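2 protein chains.
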Amino acid sequence: MRDSFHSELESLREQLSAMCAQAVEALRSAGRAVLEADHELAERVVAADREIDLARDRCDETAQRLLALQAPVASDLRLVITAVHCADKIERMGDLAAHIADTARLAHPACVVPAELTGAVTELGTVAAGMADRLVELLREPRSGGYAQLNETDQTVDAIHAELMNRITDTSWAYGIPSATSLALLVRFYERFADQAVSVAKRLDFACTGIMAA
Amino acid sequence: MRDSFHSELESLREQLSAMCAQAVEALRSAGRAVLEADHELAERVVAADREIDLARDRCDETAQRLLALQAPVASDLRLVITAVHCADKIERMGDLAAHIADTARLAHPACVVPAELTGAVTELGTVAAGMADRLVELLREPRSGGYAQLNETDQTVDAIHAELMNRITDTSWAYGIPSATSLALLVRFYERFADQAVSVAKRLDFACTGIMAA
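Line order of the protein sequences matches chains A and B. Quick note: the first sequence, position 113, residue 113 per our numbering, numbers continuous. Quick note: the second sequence, position 66, residue 66 per our numbering, numbers continuous.
Some hints here could point you the wrong way.
Identical copies carry no separate label here, and so any pair may be met within one copy or between two of them.
[Unchecked claim] Derived DMTMM-like pairs (lysine to aspartate or glutamate); straight-line CA-CA distance at most 20 Å:
| no. | residue 1 | residue 2 |
| --- | --- | --- |
| 1 | 202 | 152 |
| 2 | 202 | 25 |
| 3 | 202 | 88 |
| 4 | 202 | 38 |
| 5 | 202 | 191 |
| 6 | 202 | 170 |
| 7 | 202 | 141 |
Hint data in this document are derived by calculation from the structure and do not stem from the laboratory. The structure presented is a predicted model; accordingly, all values stated were derived computationally and were not measured.
Can you make the complete structure from the sequences, with help from the hints?
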């Protein structure tokens, strides 16, 4: 019974990790679509979000099967509930990647990002995607300390976000208001994506610590 | 055992309903803080969000206790998992209300909303809060059809959101870029709040229908 539980839990972890990998891929593609004003790629990212939603539903089904058949308690139960929460948050990361792609789609044929901000937006995307890459690993092989690490990296995301917002709302802004509002939303989507990654890492740490303390 | 399960489930529903009522109250206060540039009220809403986070943690604990002690299966299990998802989404509604209040806080002493848009923003807040009021009832006494109803009202929210975004990004906009970006974020927070309410109603409907079909 315990072996079967742990092998099913392992499978749930793999599902979550694969789902997170889909969300990172969506984020990277969305970033390219935004920076290169690639309408077709943007549409593909928006359409592919459905896959991530379905992956979340499958995680839910696995978790429910586990609960129904194994009736876990204590730290094992907490792990399953953690997985349910994490699946929700990763699905939300997928949504945010799709929102980023949508920004490119709506602005087409214009490019959302003026040339002078390409560097900062690229960096924002790179740091956020790197956080989610780390999460893919943490989901596969949980270890404590992931939260502290992602939380620290999130400060870089917040700093780039703040810098970009300062540029966008500066009186010298020369690209008009529709561009300013699209960009403000775009950088917020990145910031929220990173926040969700931190939030998943926090849940994982808690589940991990719980196990170790048990 | 079954009676005890249903009485605990009842208590979980009450907790969720009360938590949703806190989120609506936060939304209404945040709206007032934004429209009246009330810095003190905005700070209270931001601070009170912690209460909603704690309410979510308590819902989680109740759900885990239910799962551990009662080991529900089939539709009963689905109801508990539904509650876990709903608690997450309602907590997010609280976050969004706090983000709205934060918009007022950051703009202070200026008012985020120009006088000519007061009517539309007030309406946006009223409709979104009304949706969450309905959710408070649905959480207490689930019945099918709530999703269709909230989904329809959400179209009003989307229409006001679109109208406001058109005004904000119109060439005649006379209030500068920081105001435009703050407002674009503000109306998006309302729109997201309403989306979360729809999403909770959808989960409730599914759980309801599942029970009726079982």
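Going through the hints against the structure:
1. 202 / 152: within (12 Å within a copy, 36 Å between copies)
2. 202 / 25: neither (22 Å within a copy, 28 Å between copies)
3. 202 / 88: both (14 Å within a copy, 15 Å between copies)
4. 202 / 38: Intra 35 Å, inter 34 Å, cutoff 20 Å: neither.
5. 202 / 191: within (17 Å within a copy, 27 Å between copies)
6. 202 / 170: So residue 202 and residue 170 fail the 20 Å test inside a copy (35 Å) and across (42 Å) alike.
7. 202 / 141: Only inside one copy: residue 202 and residue 141 sit 15 Å apart there, 33 Å across copies, limit 20 Å.
The structure is inconsistent with the numbered hints 2, 4, 6, although it conforms to all the rest.
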